[in-house]
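Novice: Sequence:
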Amino acid sequence: MADTKITKRADDYTRWYTDVIAAAEMADHAPVKGCMVIRPNGYAIWEKMQRALDDMFKATGHQNAYFPLLIPESFLEKEAEHVEGFAPEVATVTHAGSGKLDEPLVIRPTSETIIWNSYRNWIQSYRDLPLLINQWANVVRWEKRTRLFLRTTEFLWQEGHTAHATYEDAEKEALTILEVYRRFAEDYMAMPVISGLKSESEKFAGADHTYTIEAMMQDGKALQAGTSHHLGQNFAKAFDVQFQTEKGGLEYVCATSWGVSTRLIGALIMAHGDDRGIVIPPRLAATQLAIIPIFRKPEQQAEVMGRIQKLTRDMDSVSYHIDDREQRSPGWKFNHWEQRGIPIRMEIGPKDIEKNQVVLVRRDTGEKSFVSQDGLHRTVRDMLLTIQGDLYKKALEFRESRSRHVDELDSFNGILDGEAGFLWSHWCGSAACEEKIKDQTKATIRCIPSGDEREEGKCIACGQSSDRRVIFGRAY
RNA sequence: CGGGGCGUAGCGUAGUCUGGUCAUCGCGCCUGCUUUGGGAGCAGGAGGCCGGGAGUUCGAAUCUCCCCGCCCCGACCA
Numbered sequence: 094m095a096d097t098k099i100t101k102r103a104d105d106y107t108r109w110y111t112d113v114i115a116a117a118e119m120a121d122h123a124p125v126k127g128c129m130v131i132r133p134n135g136y137a138i139w140e141k142m143q144r145a146l147d148d149m150f151k152a153t154g155h156q157n158a159y160f161p162l163l164i165p166e167s168f169l170e171k172e173a174e175h176v177e178g179f180a181p182e183v184a185t186v187t188h189a190g191s192g193k194l195d196e197p198l199v200i201r202p203t204s205e206t207i208i209w210n211s212y213r214n215w216i217q218s219y220r221d222l223p224l225l226i227n228q229w230a231n232v233v234r235w236e237k238r239t240r241l242f243l244r245t246t247e248f249l250w251q252e253g254h255t256a257h258a259t260y261e262d263a264e265k266e267a268l269t270i271l272e273v274y275r276r277f278a279e280d281y282m283a284m285p286v287i288s289g290l291k292s293e294s295e296k297f298a299g300a301d302h303t304y305t306i307e308a309m310m311q312d313g314k315a316l317q318a319g320t321s322h323h324l325g326q327n328f329a330k331a332f333d334v335q336f337q338t339e340k341g342g343l344e345y346v347c348a349t350s351w352g353v354s355t356r357l358i359g360a361l362i363m364a365h366g367d368d369r370g371i372v373i374p375p376r377l378a379a380t381q382l383a384i385i386p387i388f389r390k391p392e393q394q395a396e397v398m399g400r401i402q403k404l405t406r407d408m409d410s411v412s413y414h415i416d417d418r419e420q421r422s423p424g425w426k427f428n429h430w431e432q433r434g435i436p437i438r439m440e441i442g443p444k445d446i447e448k449n450q451v452v453l454v455r456r457d458t459g460e461k462s463f464v465s466q467d468g469l470h471r472t473v474r475d476m477l478l479t480i481q482g483d484l485y486k487k488a489l490e491f492r493e494s495r496s497r498h499v500d501e502l503d504s505f506n507g508i509l510d511g512e513a514g515f516l517w518s519h520w521c522g523s524a525a526c527e528e529k530i531k532d533q534t535k536a537t538i539r540c541i542p543s544g545d546e547r548e549e550g551k552c553i554a555c556g557q558s559s560d561r562r563v564i565f566g567r568a569y
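Sequential numbering of the first sequence, starting at 94, is according to my numbering.
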């Protein structure tokens with residue numbers, strides 16, 4: 094398979110991003126516009142993400158289930174805001190076999206409606222609550238403009254859908270998941286995020302309110318990395334899901350929904366990648382250590398391979414790969430694994446065997462170290478931990494260097510056209526001001542950060558009083 | 001759907017303004033030998049309806065018109 098070169102980091106970040114994906118052989122454009130073929134290298138990351146997230150969902154009491162891909166069109170229409178929000182981007186099936194369907198079917202853009210149609214039958218009593226379910230699935234949204242991983246017509250995701258007896262219980266659930274997402278982003282992806290509340294105009298269509306985690310990419314633009322919605326009783330009312338309370342009354346349940354998608358792979362690339370390719374944090378790397386034997390003569394090969402066997406015998410906590418392809422040169426292999434973001438490369442040749450050492454090279458820094466073969470397992474394990482931590486620190490430092498308090502709307506464009514980043518500014522809370530700022534600067538409110546950092550100030554758009562700063566930024 | 005750009009080998013491209021040995025170069029692929037600690041070297045080789053169609057011309061990758069496709073910017077993005 095062809096090995097692509099990343100020519101150089103173009104002034105155009107978009108170009109760099111697609112180059113990196115191509116070089117790492119992660120995805121291709123599909124024949125259907127906006128759809129993508131996820132290659133094994135890209136999918137391996139998704140599998141690691143799935144496993145980690147699934148464990149976290151299970152640990153917070155959730156179960157997996159599956160609901161249909163096709164949804165009667167009328168279901169979407171039951172919730173007013175929901176249909177208004179999704180109508181422009183749903184794909185519809187009108188024909189099946191040789192005939193036209195009586196009622197068109199939409200390909201799910203999200204599954205609230207079909208799931209709530211089931212929940213109506215599943216929920217009778219307060220004893221049935223809470224209902225905590227997650228689904229791993231694909232969805233289709235016919236966006237006008239698409240980008241590999243970040244916004245594709247079809248994408249893979251998980252969507253959680255829960256039902257609760259009280260508003261407070263649902264709120265607690267939404268925040269529990271928000272915290273799961275924050276931990277996943279920071280602990281696994283090594284990508285710092287700011288969690289908070291979406292403004293009214295940015296929230297999910299049909300939600301009471303929406304929580305989000307927002308990350309910063311290396312060009313200073315924001316990326317919404319995950320959302321957790323408190324749906325209130327909107328869907329319960331639309332699908333008539335009531336339950337008998339402990340005291341015998343009849344109530345509508347409160348709901349949440351939440352999801353993260355293959356967009357996270359795009360986030361990972363843009364948060365850590367460099368001109369040599371992607372950089373995978375150790376906790377998400379299917380291969381953490383690429384071992385490259387070096388030799389000239391057959392007897393050296395036997396010796397080196399023998400030593401590798403011995404060294405890897407007890408490496409059960411590190412996932413390693415021995416690249417013993419004879420038709421490729423060591424230099425080629427170095428490059429190959431770098432483009433694919435493997436955290437550590439190990440070189441071992443006759444010279445190393447003589448000195449009882451190996452060469453370890455970090456993908457994130459390029460730092461080369463000569464370490465003893467004794468205790469190699471522990472050395473590698475420690476280095477993986479260090480890389481995981483350093484990647485996070487580096488990304489956090491970058492985000493902080495691109496975050497500033499801004500009190501003049503006039504300076505937005507200057508900053509965002511130059512060193513783009515997060516602008517912490519006062520906002521009065523009105524949709525009109527939000528809109529005005531967006532029109533003038535292309536910056537949107539990424540979130541109203543969680544936490545109680547109150548500060549008196551004046552809205553940068555209208556001058557009215559505000560009691561906290563919110564985050565503005567240009568977003569993907 | 002608006003604005004801009006681009007379609008030449010599997011991929012990336014030169015050539016188009018000024019029509020005439022122009023089908024170029026790199027990567028990749030195949031064969032052989034030498035190589036292998038940063039994308040190996042040399043030699044040889046395979047591979048093209050120059051996006052499609054119609055025109056102009058003695059002659060079109062090149063000029064004209066139409067069509068198709070892709071990319072970027074914008075609108076849009078729960």
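By construction, these hints were calculated from the structure, which means they are not laboratory data.
Mixed in with the good hints there might be a few duds.
Computed Cβ-Cβ distance ranges for the label pairs, DEER-style [as the list claims (entries may be wrong)]:
hint, residue 1, residue 2, range
1, Ser294, Ala158, 28 to 34 Å
2, Arg406, Arg497, 51 to 57 Å
3, Gly544, Gly424, 47 to 53 Å
4, Trp229, Lys444, 46 to 52 Å
5, Ser543, Gly468, 55 to 61 Å
6, Phe463, Glu140, 31 to 37 Å
7, Arg276, Asn157, 16 to 22 Å
8, Leu194, Glu419, 53 to 59 Å
9, Arg220, Asp560, 38 to 44 Å
10, Lys265, Gly468, 29 to 35 Å
11, Gly459, Leu489, 35 to 41 Å
Straight-line C-alpha distance at most 30 Å; calculated BS3-like pairs for lysine-lysine [as the list claims (entries may be wrong)]:
hint, residue 1, residue 2
12, Lys330, Lys314
13, Lys314, Lys171
14, Lys448, Lys461
We put the beta carbon where it would ideally sit given N, CA and C, even for glycine.
Novice: Hints numbered earlier in the text: which of these fail when held up against the supplied structure?
Specialist: 5, 10, 11, 12, 13
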